[in-house]
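Taken in order, these protein sequences are the chains called A and B. Residues in the first sequence are numbered from 508 upward in steps of one, following the working numbering. Residues in the second sequence are numbered from 3 upward in steps of one, following the working numbering.
What the hints contain is simulated information worked out from the structure, not anything from laboratory work. The structure presented is a predicted model; accordingly, all values stated were derived computationally and were not measured. Note that beta-carbon positions come from the ideal geometry of N, C-alpha and C, so glycine has one too. It is possible that part of the hints are untrue.
Stated by the list, open to error - Now the in silico label distances, taken between C-beta atoms and shown as ranges:
id, chain 1, residue 1, chain 2, residue 2, range
1, A, K575, B, W149, 44 to 54 Å
2, A, A568, B, G105, 43 to 53 Å
3, B, E155, A, F562, 31 to 41 Å
4, A, A546, B, T350, 43 to 53 Å
5, B, S271, A, F562, 13 to 23 Å
6, A, D509, B, V16, 54 to 64 Å
7, B, P22, A, A546, 21 to 31 Å
8, A, V564, B, Q429, 51 to 61 Å
9, A, V564, B, G97, 52 to 62 Å
10, B, E155, A, Q565, 29 to 39 Å
11, A, Q565, B, S146, 29 to 39 Å
12, A, T538, B, Q429, 55 to 65 Å
Stated by the list, open to error - Using 16 Å as the maximum straight-line C-alpha spacing, the simulated EDC-like pairs for lysine to aspartate or glutamate come out as follows:
id, chain 1, residue 1, chain 2, residue 2
13, B, K4, A, E555
14, B, K196, A, D563
15, B, K196, A, E561
16, B, K4, A, E556
17, B, K380, B, E173
18, B, K228, B, D353
19, B, K191, A, E561
20, A, K575, A, D563
21, B, K4, A, E557
22, B, K428, B, D463
23, B, K228, B, D376
24, B, K153, B, E102
25, B, K191, A, E556
26, B, K196, A, E556
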Amino acid sequence: MDDVRSRLIRCFAAVFPGLTPDQIPKAQPATVIGWDSVASVTLIAAIEEEFGVEFDVQEIANVLSFAKLSEYLRSLGTASAE
Amino acid sequence: MKLVEALEILKCPVAEGASPFSVYLVSSFTPLHLQTFLAAKLCKANPELLVHISTGLYGDIRGNLTRMSQSNSSAAAIVLEWGDFDARLGLRSLGSWDPEAAGEILENAQQFAKFLDTLLRCMPVKFPVSISSPTLPLLPISPSPSWNSSKFELSLRLCVTSLLEAVSELENLQIVSSEQLDAASPITKRLDLKSEYASGFPYHLPHASELAHRHAKQLLPLNPKKGLITDLDDTLWLGILGEVGVDGISWDLEHGAQSHGSYQRFLQSLNRTGVLLAAASKNDPTIVREALQRSDLLLAGNVLYPIEANWGPKSESVNRILKTWNIAADSVVFIDDSPMELAEVKATHPDIECLLFQKTDPGAVLDLQYRLRDLFGKRRITQEDAIRQQSIRIAGSFRTDNGDGNVVSDDFLHKAEAELTLDFRKQPLDPRALELVNKTNQFNLNGRRWSDAEWLAYMQDTNSILVLVSYRDKYGPLGKISVLAGRKSGQSMEIDVWVLSCRAFSRRIEHRLIQELFHRFELKEIVFRFEATSKNGLLQEFLHFAIGQAPSPSVGLTRAQFDSINPVTYHNVLEPRHG
Chain A
508 MDDVRSRLIR CFAAVFPGLT PDQIPKAQPA TVIGWDSVAS VTLIAAIEEE
558 FGVEFDVQEI ANVLSFAKLS EYLRSLGTAS AE
Chain B
3 MKLVEALEIL KCPVAEGASP FSVYLVSSFT PLHLQTFLAA KLCKANPELL
53 VHISTGLYGD IRGNLTRMSQ SNSSAAAIVL EWGDFDARLG LRSLGSWDPE
103 AAGEILENAQ QFAKFLDTLL RCMPVKFPVS ISSPTLPLLP ISPSPSWNSS
153 KFELSLRLCV TSLLEAVSEL ENLQIVSSEQ LDAASPITKR LDLKSEYASG
203 FPYHLPHASE LAHRHAKQLL PLNPKKGLIT DLDDTLWLGI LGEVGVDGIS
253 WDLEHGAQSH GSYQRFLQSL NRTGVLLAAA SKNDPTIVRE ALQRSDLLLA
303 GNVLYPIEAN WGPKSESVNR ILKTWNIAAD SVVFIDDSPM ELAEVKATHP
353 DIECLLFQKT DPGAVLDLQY RLRDLFGKRR ITQEDAIRQQ SIRIAGSFRT
403 DNGDGNVVSD DFLHKAEAEL TLDFRKQPLD PRALELVNKT NQFNLNGRRW
453 SDAEWLAYMQ DTNSILVLVS YRDKYGPLGK ISVLAGRKSG QSMEIDVWVL
503 SCRAFSRRIE HRLIQELFHR FELKEIVFRF EATSKNGLLQ EFLHFAIGQA
553 PSPSVGLTRA QFDSINPVTY HNVLEPRHG
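Make a model of the complete structure from these sequences and hints.
So this is what it looks like as structure tokens:
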């Protein structure tokens, strides 16, 4: 498992403790119980801190799923980030 | 701590039987990640607590403070920011910053400070409260350039400082140190404006973590250490006594030894707060005695007790000191300038905190003093603190007069002229009782630590009984040395709490106390809510002896059983004069 993926899984697992490892890669607001605005803020804050990135407020709504966040983080070149 | 780590801590299942610990977190902003960090830090500080954080309403600081004061929480954390003193000092208000508004802002700030002062003093339930002054930078309201401290800014800061200075006298209130927070969280890296505008949470995560850490530390403080063992040569003073002689050792600027002088002064001040001090030195005892009599020592020579000066391993000296003090190794700090000696002591006593005295680095010596202040720090000095050292000496004389035997003879106890004072009053509640319960390990019924709120609730139960025991004999007073609390039901009593200070062992106080309970309350049975801990071996021994087998939880002791094993006691039992 690559670094971005494993660290992103950790963030999702921390924010949504009810998700099983199988469910995390498919996670998006519509399919996860309890994914409300507070959960989104917490998830984004955890990811920003974990990856040392800063999301543009306007673009957050467009990346709110595991797949899109994964893709977005890769596009920022964070794969090698510590 | 990172946010993801905090969330992971909160995900962990809570231990079975965990005590509820609810904290009211007061702020006028959305506490969001601060709440997460605070809960995680509290869980980490005490995994046996079931932590719950309540919060108030956004933008309603006065209402939240009022709700906090009326809540049934175990404790509260108040996180103030400038906008609480006047909305125009916050970022979400667009109220006027015209120069003429300054007077009104100051007036509002003073009114809020007065409100908070009154509320904190009038709180009906005195649960522990941790409060922090505004942590974010003041906005550029003042017409002065930012490099200039304007009268407006100074007046605002004075308003906050005066408030905190005034309420600092309240026993249940603890104030987060701004200076320490500044060192850990640079003021320019605290405000997250993007987050403030987007979600109403004004802090960058590292600042939220630091702030939560400090509040948690205040709400669940560690028990302070009790004793410090110091090396002498090149630590308490500069120089090797055996080489330079009594007149050759130094601790002043003139001899380039100021760090040793400041260390002496620090130890003296620690001793005045009830910390036990002893010396362990590889030295000739005669010359050490002579050196400690030098009148210019900043540490009075007689506050070191005992003094172990010999050529044996330091771990053995430490052993003897611990035996004399009769306290657990994890309550003790050992200081030496030799890493090898520290390692030797640590290998034998892994629970002792071993710290290096870096004689060539004055900055490190000052840092050591900060560290020691944190390890031994206490907010108030009690009467017991003042007599602790004397008590240890008395215990030493007690043992010496008894021929150093482990079993104290009847003749010796008979001649000791012992007096036990049993205080059954629950009002006013003596804070020493809870302090003793929460720091005693060796003779402790179950090792349970109580929060102020839990203790208060227990005492407010009309069925609960509290006995606070003081002891003195011809060697002097030991102060308040035992606490017993339970509930009576018919001719039975359940004991939930029982501790006896190690200073008071070997005097049959435990026997006499149980005897008094049976007589005074006409009991047929006492049930002990016992739980074995890694440290309460002495209590286990007592119960084993009393019931004739290894104790189990909720072990019962009948009057007949007790009468058959109760030794003769010689205490004169008194009750304190009321009023």
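Results for each hint:
1. K575(A) / W149(B): 44 to 54 Å: holds (46 Å)
2. A568(A) / G105(B): 43 to 53 Å: holds (44 Å)
3. E155(B) / F562(A): 31 to 41 Å: At roughly 34 Å between Cβ atoms, F562(A) and E155(B) fall inside 31 to 41 Å, so the hint holds.
4. A546(A) / T350(B): 43 to 53 Å: With a Cβ separation near 51 Å, A546(A) and T350(B) satisfy 43 to 53 Å, so the hint holds.
5. S271(B) / F562(A): 13 to 23 Å: violated (51 Å)
6. D509(A) / V16(B): 54 to 64 Å: violated (34 Å)
7. P22(B) / A546(A): 21 to 31 Å: Given a distance of about 25 Å, which is inside 21 to 31 Å, the answer is holds.
8. V564(A) / Q429(B): 51 to 61 Å: holds (57 Å)
9. V564(A) / G97(B): 52 to 62 Å: violated (25 Å)
10. E155(B) / Q565(A): 29 to 39 Å: Distance hint for E155(B), Q565(A) holds at roughly 36 Å.
11. Q565(A) / S146(B): 29 to 39 Å: The hinted range 29 to 39 Å holds for Q565(A) and S146(B), with Cβ atoms some 37 Å apart.
12. T538(A) / Q429(B): 55 to 65 Å: holds (58 Å)
13. K4(B) / E555(A): holds (11 Å)
14. K196(B) / D563(A): holds (9 Å)
15. K196(B) / E561(A): This hinted pair holds, its Cα atoms lying about 10 Å apart.
16. K4(B) / E556(A): Holds. K4(B) to E556(A) sits at ~7 Å (cutoff 16 Å).
17. K380(B) / E173(B): holds (12 Å)
18. K228(B) / D353(B): holds (13 Å)
19. K191(B) / E561(A): The given pair, whose Cα atoms are some 15 Å apart, holds under the 16 Å limit.
20. K575(A) / D563(A): holds (15 Å)
21. K4(B) / E557(A): Holds: K4(B) and E557(A) sit about 8 Å apart, inside 16 Å.
22. K428(B) / D463(B): holds (10 Å)
23. K228(B) / D376(B): Satisfied, since the Cα-Cα distance of roughly 12 Å is no more than 16 Å.
24. K153(B) / E102(B): holds (14 Å)
25. K191(B) / E556(A): Answer holds: K191(B) to E556(A) is near 14 Å, not above 16 Å.
26. K196(B) / E556(A): holds (14 Å)
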